[in-house]
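Q: Sequences listed follow chains X and G, in order. Sequential numbering of the first sequence, starting at 1, is according to the numbering used here. Sequential numbering of the second sequence, starting at 1, is according to the numbering used here.
Since the hints were derived computationally from the structure, they do not count as laboratory data. Careful: at least some of the hints might be erroneous.
Claimed, not checked - Derived CB-CB ranges, DEER-like:
id	chain 1	residue 1	chain 2	residue 2	range
1	G	264	X	395	41 to 47 Å
2	X	147	G	5	48 to 54 Å
3	X	47	G	351	43 to 49 Å
4	G	200	X	131	40 to 46 Å
5	G	3	X	48	20 to 26 Å
6	X	142	G	256	48 to 54 Å
7	X	48	G	163	30 to 36 Å
8	X	395	G	306	54 to 60 Å
9	X	147	G	196	50 to 56 Å
For each residue, glycine too, the CB sits at the ideal point set by N, CA and C.
The chain contents come next:
Number of protein chains: 2
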Amino acid sequence: MAKLARKVALVGAGMSKFGNHFPVKRNPDLWIDAWLNASKSVDNGIEPKDIDACYVGNYSSDLFNHQGHLGPQMANLVGLTPKPAPRFEGACASSGIALRQAIIAIASGIHDVIAVCGVECMTELPTAGVTDVLATASDSLFEFPAGATFPGLYGTLASAHFKQYGTTAEDLMRVGIKNHENGAENPYAQMQQSIKDMMASKKKRYEEQGRDIPDWNDEFDFLKSSSNPIIAYPLRLFDCSLITDGSACLFLASGDKAKRFTDTPIWITGTGQGSAALSLHDRDNLTSFIAAREASRQAYEMSKLKPKDIQIAEVHDCFTIAEIVAMEDLGFYEKGKAVEAIRNGESKRDGSLPINTSGGLKSKGHPVGASGAAMPVEIFKQMRGVAERNRQVKFDVERALTHNLGGSGGTCVVTIYEK
Amino acid sequence: MAKLARKVALVGAGMSKFGNHFPVKRNPDLWIDAWLNASKSVDNGIEPKDIDACYVGNYSSDLFNHQGHLGPQMANLVGLTPKPAPRFEGACASSGIALRQAIIAIASGIHDVIAVCGVECMTELPTAGVTDVLATASDSLFEFPAGATFPGLYGTLASAHFKQYGTTAEDLMRVGIKNHENGAENPYAQMQQSIKDMMASKKKRYEEQGRDIPDWNDEFDFLKSSSNPIIAYPLRLFDCSLITDGSACLFLASGDKAKRFTDTPIWITGTGQGSAALSLHDRDNLTSFIAAREASRQAYEMSKLKPKDIQIAEVHDCFTIAEIVAMEDLGFYEKGKAVEAIRNGESKRDGSLPINTSGGLKSKGHPVGASGAAMPVEIFKQMRGVAERNRQVKFDVERALTHNLGGSGGTCVVTIYEK
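Isolated chain X, as found in the complex (with noise of 0.2 Å):
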């Protein structure tokens, strides 16, 4: 059975705003955003010198910003120079590489103290480019010319999921509300309203404008209306991750180190990753993700935890059907049951398991290459006791998971977080 040779620990986390930055802000300004935010949450302070390399996670600055090789360009900007550098990609999980490639590197000993920095710039091309840039993450030769982007891919995978297991549209929304309610309460993340502040301030622009009111009841009726069109059936604009410009920084240090920083690290007691074909074509299954599974599996093994030991996780929603389908991969629930517990509201912030406390990639937003560190950045502050405005649970978080896909789940990382 993997193990690692050494104690790793987190000790400090922290994120740029999410959102519409380009071009006051580039890949450099957002990763020094996330890097100063990040060292003010160490408790002994960290400086450049203490750090011995920085790994960094970012999809495609290629396509995106016509920038290639942003390791040395990243390390450099913090004072890290001549550092290791390195840059990790498994498209929408890069910086969820990142983070487990520094976990394996202090656990060889090689390393004692890792900057992990995720970073992506989308905004810099139109909608349409971005859905261009993002679409290589799948099988280029056989699905681009079938016209099969991400939301079409997803839409897919949902309708599988609708027809095996009986999941409906409405349990698609009930994760999208619970996500921007989480968010509206999270001043880094992109959209901090609620779907039913959304609606009421529609309402009230409607009156003021003259314009006949919607007859929306509730939350339902608006992201039925065409208020929230039809992306890909059975995903609506709603049921969509964000385009976003961000960054985030994680310290790691092995178990020695640690102390140096901090009285209370978060110890990192799991990491897997798993992979699987790009193209859904060459999948067996479209209502589970092999490499989630794998990821997954390795990470309890290794941390010896059981899916009903984890208290809270983040996962990865880049559309509402990849949150059910994640909670059924990880084993929360059954095959077909997770539908059951988001109806119920076991997945709010006052349920039995939160998940997505931050608003997740729905409403916190998903720089794409970023997003794998922005995940423990959440559970960094949950498990301190530190989450902002309302949104810190109401019990001591002893035990975390981070969950973080590329692709249509051609990659994934799972992360183990203990006290």
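Take the given structure of chain X and dock chain G to it, following the hints.
A: Structure of chain G alone, referenced to chain X:
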């Protein structure tokens, strides 16, 4: 001092034929060729079930082939789904980084056996497109708008070396002449012809065409003629490496597991990685690469070897000047003294320190993301005494080194091998 917690061995290595393969062969086909050749090199055989992960080095399939997320795709082609399949990038040092991360992962205890893939398919784009893609590995915000692509940047570095150390255009030519002599003996090289042979064929062709036969007495006459035009002063065509499609595969195993595959593993006893500001205007020194000095310092320290202990090396001759700078950065020669050694023939196959017996990037070819994994293929063959044709060195190689540079020196990875 950084050291590895477990021993790591190279137990197999192979490459595809390097050359102009598109559209007959693309990344998947090239990788399968490399995989099969590497598999044949494993004494007791190797199968997918023996392997824990697939570590993929690639510079930018995003821009070259409009296909990102290469890790899971490469893993799937050789039966490694659903195992971990991260991709690593550091410009032309991408698969040097994949190799290094695989060494680290085995040392950490998380994996026992890893397949390292280096792959790049460049000729899908026309030459101008390739130049543009490569230039994104420099600082695209500052160097790009100034019109600096890689030949220009390395021309600047060569000019600085000329001025400071009296290096001449003939010295650069000596590097190219040697590397083509070596490449002529490598059946996997893109250009399997010495400069002398090229000169003779050109004379013969002129004769057949009834044209005036050029008055070339030796290679230098040829290399100073219009047959070798200036690309970016002082660099001429034959100072530049090739545009290439190709792949290389390495099988790494932990000390315990290595015995299962071979009785004669090559031990990896040192790894180092350094970084630098991407742009030349941010560097203190234009005649040396800080990333290379830092990477070699780390690798020597880990292996407890000194430069004088190294018997052969594969170094990153993306331009002829880069080989000269590498010989100095690695400590083989004092600053400014490498050209003396070159004039004396010390770096030739029968010299005291053979460099780039494979033909180097200059003659073997330079599929950028594959080059870092192809260097150890040559080292593996030379250390086992099985290099093809007439290029096997005449002594027993017990200690060797690879030097893999990214961009204009933003990244460097150095690896040390011992029997």
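Q: Looking only at beta-carbon atoms, does the pair residue 200 of chain G, residue 131 of chain X fall within the given range of 40 to 46 Å?
A: violated, 55 Å
Q: Is it true that residue 47 of chain X and residue 351 of chain G lie within 43 to 49 Å of each other by Cβ?
A: holds, 46 Å
Q: For residue 147 of chain X and residue 196 of chain G, compare the CB-CB distance with the range 50 to 56 Å and indicate the outcome.
A: holds, 54 Å
Q: Is the hinted range of 54 to 60 Å satisfied by the C-beta distance from residue 395 of chain X to residue 306 of chain G?
A: holds, 58 Å
Q: Does the Cβ distance between residue 147 of chain X and residue 5 of chain G fall inside 48 to 54 Å?
A: Given about 49 Å between the Cβ atoms, the range holds.
Q: Is it true that residue 48 of chain X and residue 163 of chain G lie within 30 to 36 Å of each other by Cβ?
A: Given about 33 Å between the Cβ atoms, the range holds.
Q: Take the C-beta atom of residue 264 of chain G and the C-beta atom of residue 395 of chain X, compute their distance, and say whether it sits inside 41 to 47 Å.
A: At roughly 58 Å between Cβ atoms, residue 395 of chain X and residue 264 of chain G fall outside 41 to 47 Å, so the hint is violated.
Q: Can the suggested window of 20 to 26 Å be confirmed for the beta-carbon pair residue 3 of chain G and residue 48 of chain X?
A: holds, 23 Å
Q: Just to be sure I understand the hint, the distance between the Cβ atoms of residue 142 of chain X and residue 256 of chain G should be within 48 to 54 Å; is that true here?
A: 41 Å Cβ-Cβ, so the 48 to 54 Å window is violated.
Violated hints for the displayed structure, listed by number in ascending order: 1, 4 and 6.
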